[in-house]
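S.K.: Here's the letter readout for the chains.
Number of protein chains: 4
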Amino acid sequence: MYIAETQVRVRYAETDQMGYAYYGNYATYYEVGRVEALRQLNFQYRKMEEDGIMMPVTELKCKFLKPAKYDELITVRVIIKELPSVRMFFHYEVIGEGGEKLNEGETTLVFINMLTNKPCRAPGYLLDKLRPYFE
Amino acid sequence: MYIAETQVRVRYAETDQMGYAYYGNYATYYEVGRVEALRQLNFQYRKMEEDGIMMPVTELKCKFLKPAKYDELITVRVIIKELPSVRMFFHYEVIGEGGEKLNEGETTLVFINMLTNKPCRAPGYLLDKLRPYFE
Amino acid sequence: MYIAETQVRVRYAETDQMGYAYYGNYATYYEVGRVEALRQLNFQYRKMEEDGIMMPVTELKCKFLKPAKYDELITVRVIIKELPSVRMFFHYEVIGEGGEKLNEGETTLVFINMLTNKPCRAPGYLLDKLRPYFE
Amino acid sequence: MYIAETQVRVRYAETDQMGYAYYGNYATYYEVGRVEALRQLNFQYRKMEEDGIMMPVTELKCKFLKPAKYDELITVRVIIKELPSVRMFFHYEVIGEGGEKLNEGETTLVFINMLTNKPCRAPGYLLDKLRPYFE
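Protein chains in written order, with the numbering used here: chain A, 1 to 135; chain B, 1 to 135; chain C, 1 to 135; chain D, 1 to 135.
Take these hints with a grain of salt, some might be off.
Which copy? The list can't say, so a pair holds if one copy fits it or any two copies do.
What the hints assert, rightly or not - Dumping the calculated PhoX-like pairs for lysine-lysine here, alpha-carbon to alpha-carbon at most 20 Å: (1) K118 x K129; (2) K66 x K118; (3) K61 x K101; (4) K61 x K47; (5) K69 x K81; (6) K101 x K66; (7) K69 x K101; (8) K118 x K63; (9) K129 x K47; (10) K63 x K129; (11) K129 x K81; (12) K63 x K101; (13) K118 x K47; (14) K129 x K66; (15) K118 x K81; (16) K101 x K129.
Because the hints were derived from the structure by calculation, they are not lab data.
With the rest of the complex left out, here is chain A:
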């Protein structure tokens, strides 16, 4: 299992007139969390995309437990529970400044070869980074 955490501060742009972070922004918080989780493994999503593999999201689930507020420094915890094959599963927990869980969710992403526009296996250099956490 691989776990990584990233901090994100809720922007004014992300609030709505309830005074909360708008529910659609969690998808972005998850994106930031997973990209940073991979960066902490010394893996750059940007590089993989430049190499011709992209990872669209095929499924998203979110539970909104408590609202995140403006300017709150939230922690996005990303949990990878299994080595990716053609698909990669990410679990998320968003933790508020006071330590309480605000949100939890998961996404499924699929590796796509941009030349053929078809699904492909996770690249070896990603698996190499992750494998130590699954032994």
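For chain A, the structure is supplied; the task is to place chains B, C and D on it using the hints.
M.R.: Relative to chain A, chains B, C and D alone:
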């Protein structure tokens, strides 16, 4: 069962560098769909909020089947399968210009009395609008 | 001079905790306004981009006179005061439901040949659509 | 004169199909920049708003010199050239990873007393933080 459809055109702002509507924007498309679905019943979400009841989302699920493209005129179909009580469930299908299903999802929303900040029952004037579809 | 109007409804996603449409969203309202202004001329921005010409924005100015509110059906008036050459200038007025001006602004866009990544002249088929308004 | 810098990483959500950060997102980068510039003075915008003073933007200008790319770690430099009175002026420069200027702009904000909804002077505790830079 109550079903309503709304058309939304994908904005340049909503695309990402894959050339697709970014996955986080579907939460907004769902929001537009459900607000317009209620407006077609002659119910304004805005008025209810002015009357002191708000409806935060407590759960979101999305399946991304095919990408929506820039400038595509997508149809957001909203399906309400049961009368709301303290919670209200919405199902969604997003249909592309060519008639194919791009995305499907669901959200759970809860009625909150803004004075007490506690859950409350769906207001009678909303139930009155919906009841004819559930008889 | 060519003038066109488009209506846009302010989404919950676009509000902020002041209860107003967030100031950064006007750039998107302008985008929607200019794309629809061109569509009303039977010109599709999307097609031009598929043909290899894109139009990045090089300058943006906005004056925020009054806030737009949630669910308000605003009108984006787009004014083209001169025929484009390598650059194209758009002026905007955003009008609220009550008829009052909420915002005014302007953008400069430049035509870019996507093959060479260099500026180019406005395509003839766009000039043909616009010319009748400048005679 | 007071100058402060903040780093922001361009999110996938913020890119568009040109492969650039969408032009409307600079307003958000400016927002992050000015809030962090004030935080570096030990001033929290959030607190001021809780105390009943908000700062809507009344004017925005941006020049887009070069595009910011996905995952680029941009620097938002905020420059305050004069002490605020009823209005506060911010200047911005956005610097790319390679050190080149990508964007420059300015905003005007006005202090509003949320009780009366009328303009008011900058609070003393903000002026106290800024004054040392203007002596």
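S.K.: Would you mind marking each hint as holding or not holding in the structure?
M.R.: Hint-by-hint comparison with the structure:
1. K118 x K129: So K118 and K129 fail the 20 Å test inside a copy (24 Å) and across (40 Å) alike.
2. K66 x K118: Close across copies (13 Å), not inside one copy (39 Å); limit 20 Å.
3. K61 x K101: both (16 Å within a copy, 19 Å between copies)
4. K61 x K47: Neither: 27 Å inside a copy, 29 Å across copies.
5. K69 x K81: neither (29 Å within a copy, 31 Å between copies)
6. K101 x K66: within (7 Å within a copy, 32 Å between copies)
7. K69 x K101: Close inside one copy (13 Å), not across copies (31 Å); limit 20 Å.
8. K118 x K63: between (31 Å within a copy, 18 Å between copies)
9. K129 x K47: within (14 Å within a copy, 42 Å between copies)
10. K63 x K129: neither (30 Å within a copy, 28 Å between copies)
11. K129 x K81: For K129 and K81, only the intra-copy Cα distance (14 Å) is at most 20 Å; the inter-copy one is 46 Å.
12. K63 x K101: For K63 and K101, only the intra-copy Cα distance (10 Å) is at most 20 Å; the inter-copy one is 25 Å.
13. K118 x K47: within (19 Å within a copy, 25 Å between copies)
14. K129 x K66: Neither: 34 Å inside a copy, 30 Å across copies.
15. K118 x K81: neither (25 Å within a copy, 36 Å between copies)
16. K101 x K129: neither (29 Å within a copy, 35 Å between copies)
Against the hints set out earlier in the document, violations occur for numbers 1, 4, 5, 10, 14, 15, 16.
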